[in-house]
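As a plain string of letters, each chain reads:
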Amino acid sequence: MQKLFKFKSFILVVFVVVCTFLGRTISTFSISERNIVLMIGIDYTGTDYAVTTQVVSPSSGQGAESASSDNFATITTKAPTVAQALEDIGGKIGRTLSLAHCNIIVLSKNALLSNPDSYLNNLITSWLLPINAVIVAVDDKPENVMKLKVPSSENIAFYLQTLMLTEKKSLLTKTHINTFLTDFASKSKTTTLPICVPTEIDDESVLSSQSGTGKYATIDLKTNFAVSKDGTVMLLDEKTTQITNLLRTKIKEAYLNVQYDDYNVEYQIVKSDTKMKYENNSVTAKFKAEIALVEIENKTFSEFLLSKEFKDKFMSELKKDLTEKMNDVFELSKTTKSDFLMLRNLAWQSEGLNYNPDAFWENLTFNPQIELSLVKS
Amino acid sequence: MTDNNIYTRQMAILIFLSSTVIKLSSLPALWAMEISTSVFLAMIIMSVIEIIIFCLVYVFVQADGIKMLDETKVKYPICIALYLYFFAKLFTFMAFVANFISNFMFDSISLYILIITIIVPVVYLGIKGMRSIARSGEFFVIFSVICYFLLLAFLEADFDFGRFKPFLAIDSTAFFKSGFSYGLWFGDALPFIFVTVKKSKKAVLPVTIILTYTLICVVLMLSVAIFGDAIVIADNLLVNLSMFNQLSSVLGRLQWLSIVPWLFGSYLECGMLFWAMTESGMRIVGKKVPVIVFSALALTIPYMAMKRYDFIIENTSGILGYVMFAAMILIVVSILIVLNVRRRKNAKAI
Numbered sequence: 001m002q003k004l005f006k007f008k009s010f011i012l013v014v015f016v017v018v019c020t021f022l023g024r025t026i027s028t029f030s031i032s033e034r035n036i037v038l039m040i041g042i043d044y045t046g047t048d049y050a051v052t053t054q055v056v057s058p059s060s061g062q063g064a065e066s067a068s069s070d071n072f073a074t075i076t077t078k079a080p081t082v083a084q085a086l087e088d089i090g091g092k093i094g095r096t097l098s099l100a101h102c103n104i105i106v107l108s109k110n111a112l113l114s115n116p117d118s119y120l121n122n123l124i125t126s127w128l129l130p131i132n133a134v135i136v137a138v139d140d141k142p143e144n145v146m147k148l149k150v151p152s153s154e155n156i157a158f159y160l161q162t163l164m165l166t167e168k169k170s171l172l173t174k175t176h177i178n179t180f181l182t183d184f185a186s187k188s189k190t191t192t193l194p195i196c197v198p199t200e201i202d203d204e205s206v207l208s209s210q211s212g213t214g215k216y217a218t219i220d221l222k223t224n225f226a227v228s229k230d231g232t233v234m235l236l237d238e239k240t241t242q243i244t245n246l247l248r249t250k251i252k253e254a255y256l257n258v259q260y261d262d263y264n265v266e267y268q269i270v271k272s273d274t275k276m277k278y279e280n281n282s283v284t285a286k287f288k289a290e291i292a293l294v295e296i297e298n299k300t301f302s303e304f305l306l307s308k309e310f311k312d313k314f315m316s317e318l319k320k321d322l323t324e325k326m327n328d329v330f331e332l333s334k335t336t337k338s339d340f341l342m343l344r345n346l347a348w349q350s351e352g353l354n355y356n357p358d359a360f361w362e363n364l365t366f367n368p369q370i371e372l373s374l375v376k377s
Numbered sequence: 001m002t003d004n005n006i007y008t009r010q011m012a013i014l015i016f017l018s019s020t021v022i023k024l025s026s027l028p029a030l031w032a033m034e035i036s037t038s039v040f041l042a043m044i045i046m047s048v049i050e051i052i053i054f055c056l057v058y059v060f061v062q063a064d065g066i067k068m069l070d071e072t073k074v075k076y077p078i079c080i081a082l083y084l085y086f087f088a089k090l091f092t093f094m095a096f097v098a099n100f101i102s103n104f105m106f107d108s109i110s111l112y113i114l115i116i117t118i119i120v121p122v123v124y125l126g127i128k129g130m131r132s133i134a135r136s137g138e139f140f141v142i143f144s145v146i147c148y149f150l151l152l153a154f155l156e157a158d159f160d161f162g163r164f165k166p167f168l169a170i171d172s173t174a175f176f177k178s179g180f181s182y183g184l185w186f187g188d189a190l191p192f193i194f195v196t197v198k199k200s201k202k203a204v205l206p207v208t209i210i211l212t213y214t215l216i217c218v219v220l221m222l223s224v225a226i227f228g229d230a231i232v233i234a235d236n237l238l239v240n241l242s243m244f245n246q247l248s249s250v251l252g253r254l255q256w257l258s259i260v261p262w263l264f265g266s267y268l269e270c271g272m273l274f275w276a277m278t279e280s281g282m283r284i285v286g287k288k289v290p291v292i293v294f295s296a297l298a299l300t301i302p303y304m305a306m307k308r309y310d311f312i313i314e315n316t317s318g319i320l321g322y323v324m325f326a327a328m329i330l331i332v333v334s335i336l337i338v339l340n341v342r343r344r345k346n347a348k349a350i
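Chains as they are written, first to last, in the working numbering: chain A, 1 to 377; chain B, 1 to 350.
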């Protein structure tokens, strides 16, 4: 028993000594030595990656409640690789960068054409960038958008974060890094990203002013880029984006409008679901949605709602309108061979090893089947 | 009870902890590099094989097979094979644990420091024996179950179950060729060859084995539905899945929900493999202390000489994988043959 006790104590002492002495040799960084990156922007100049980070230093503020916009800094640097650019930024500010809380990635059109899957993968594995961070695209340089101020939020990173991560409604395209990489690795090799289009507004029109420089802007995310792994980026206009999202995702509470008998009718998709199926060179899209009328241009709403005839006619017109739009979107995808509807994936899932990617677009037909029900108004 | 005598419920807990840790870490990503989304089908097939192996090992354990094996001279080649088998498995798995900790948690740490801090408790668990490992497992399992429950119950991601199709994403020959080349990640039942069990009236063991492998397949199913072909980026599946916890928008990053049970399970698995290694070594040499010292040094010294461990994980498939898979089958068949022969001999003697 005494022997056992001695042996136990010996093991315990060895463990404590090893952990104590070796633990001292680990150079870990405390939170005050780190700059937390809230948002990262990547552009490609042709030779270098221009990386912009919006960082916040935890030690410069006096708690979250008193944090002001002065705590945020937007820094840009260029380097042959994204990783090197991040290291350079860390060197410039004299602190280690932490991407563990970065939820927004802004990619320029050029960056999207320069192996985005490769550097995103590297950021996930080497820089611990969250795999569910959201990607938005810009037509311009990312730093131009990242330096803007938004009136409804303290910071553009927080604004985009709230919009893209917590907002579950609407037809907004939300592409997380994992979705991006999954789409890129799939047979379709194409993904869609929302384009961040800022519209500058006068400082005078903003009541609650923030300190710091930079112009106020409102952000529009209604259009998309369809990015292909083959190296093409195609702009999808607002309507194409809406229909693409209707076909690709389940929607809860989205607002759309349709032209009906010279009036503009605003309606709500309470919820929708689309099931797409590929069979014998034909794609069938079964779109099922619950619709609610919201507003009719310059008309007293209640008069129309009581009329069964109006309701039936409107639903029939809406069905026709959606069918046309879906067919148009398919034709756009087919003529440009940009598979933003992910139809190649459907063919692969249906045909398996017999799937022939070369002959895919030839003779491919599209058949939208729309089922609408008017639920509330 | 002797040091190797455990309850069936403890055996069930250890199976749950070790199997989930090994199967739901890097294996799916490594496998998917070769067989794409068919990784789900491969996991189902291998899980069935693993369950069969567990059943066969349990037949051996239930009959106190280890005592019968000790009475024969066949124990030498079997124990040599087992020693090498456990060494290969432990060496790879420790490299994987060290690699994960250095990449994910302490990026500036030297790998040799990590190996020393891993090897000390592993050797300690090995010395303490299976009963202590089983008791530790009993202590940690509640926490692990809660973590896994929170991980799965609040999982919120873009699931597309169409990503499973086609089930066979590559040629069937290539599928089976690749499937069996990951044999090193299987064979979790073999350390239990050296235990004796105190039987429980309830069918806790078969239920746990089935639930464990169902859980493994369900988690993999969800992962394929989330990642599709990009599952190759999930270098530790459980940790990657925890990013999609809907509570994280309120509570912050919840990776610890996976990291903590994963680390518990890893230490217990490593301890169990080291214990099994020393048990087989002791049956060859006859003494325990030299085997423990030799085994600990044999594990530590190669790591000290290496500066990178990721290539160890990358080379776990291929010939080594086939050899490990074949060894697993051959060892189990051999011990069952020995068991039957001894039973007949003993029956004739009576």
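Hints in this document: simulated from the structure, not taken from any laboratory. Among the hints, erroneous ones may be present.
To be verified - To give a feel for the contact side, a few chain B residues facing chain A, derived at Cβ under 10 Å:
1) 53
2) 138
3) 152
4) 153
5) 154
6) 158
7) 233
8) 247
9) 248
Unchecked claim - With a straight-line cut-off of 25 Å between C-alpha atoms, the simulated DSS-like cross-links for lysine-lysine are:
10) A/288 with B/73
11) B/345 with B/73
12) B/177 with A/187
13) B/165 with A/286
14) B/165 with A/337
Everything numeric in this text was worked out from a predicted model, so none of it was measured. The beta-carbon is built from N, C-alpha and C at its ideal position, and this holds for glycine as well.
Cross-check of the supplied hints:
A least Cβ separation of about 31 Å between residue 53 of chain B and chain A goes past the 10 Å threshold, and the interface hint is therefore violated. Among the interface hints, the one on residue 138 of chain B is violated; its C-beta lies about 20 Å from the nearest C-beta in chain A, farther than the 10 Å criterion. For residue 152 of chain B, the suggested interface contact is broken, since its CB lies about 16 Å from the closest CB of chain A, more than 10 Å. Because the closest C-beta pair between residue 153 of chain B and chain A is about 17 Å apart, greater than 10 Å, the hint is violated.
With its C-beta approaching chain A no nearer than about 13 Å, residue 154 of chain B sits outside the 10 Å limit, and its interface hint is violated. Interface restraint check: residue 158 of chain B against chain A, minimum CB-CB distance 6 Å, threshold 10 Å, status holds. A distance limit of 10 Å between C-beta atoms decides the matter here; for residue 233 of chain B the minimum to chain A is near 6 Å, and the interface restraint holds. This hint is violated: residue 247 of chain B has a C-beta 13 Å from the nearest C-beta of chain A, more than the 10 Å allowed.
Hint status for residue 248 of chain B relative to chain A: holds, with the closest Cβ pair at about 8 Å, below 10 Å. Note on residue 288 of chain A and residue 73 of chain B: the hinted pairing is violated, with a Cα-Cα distance of about 72 Å set against a maximum of 25 Å. A distance of roughly 15 Å separates the Cα atoms of residue 345 of chain B and residue 73 of chain B; the hinted pair therefore holds under the 25 Å criterion. Restraint check for residue 177 of chain B and residue 187 of chain A: satisfied, since their Cα atoms lie roughly 24 Å apart, inside the 25 Å limit.
For the suggested pair residue 165 of chain B and residue 286 of chain A, the alpha carbons sit about 19 Å apart, so the restraint of at most 25 Å is met. Straight-line distance between C-alpha atoms of residue 165 of chain B and residue 337 of chain A comes to about 23 Å, which keeps the hinted pair within the 25 Å bound.
Consistency note: the structure conflicts with the earlier hints numbered 1, 2, 3, 4, 5, 8, 10.
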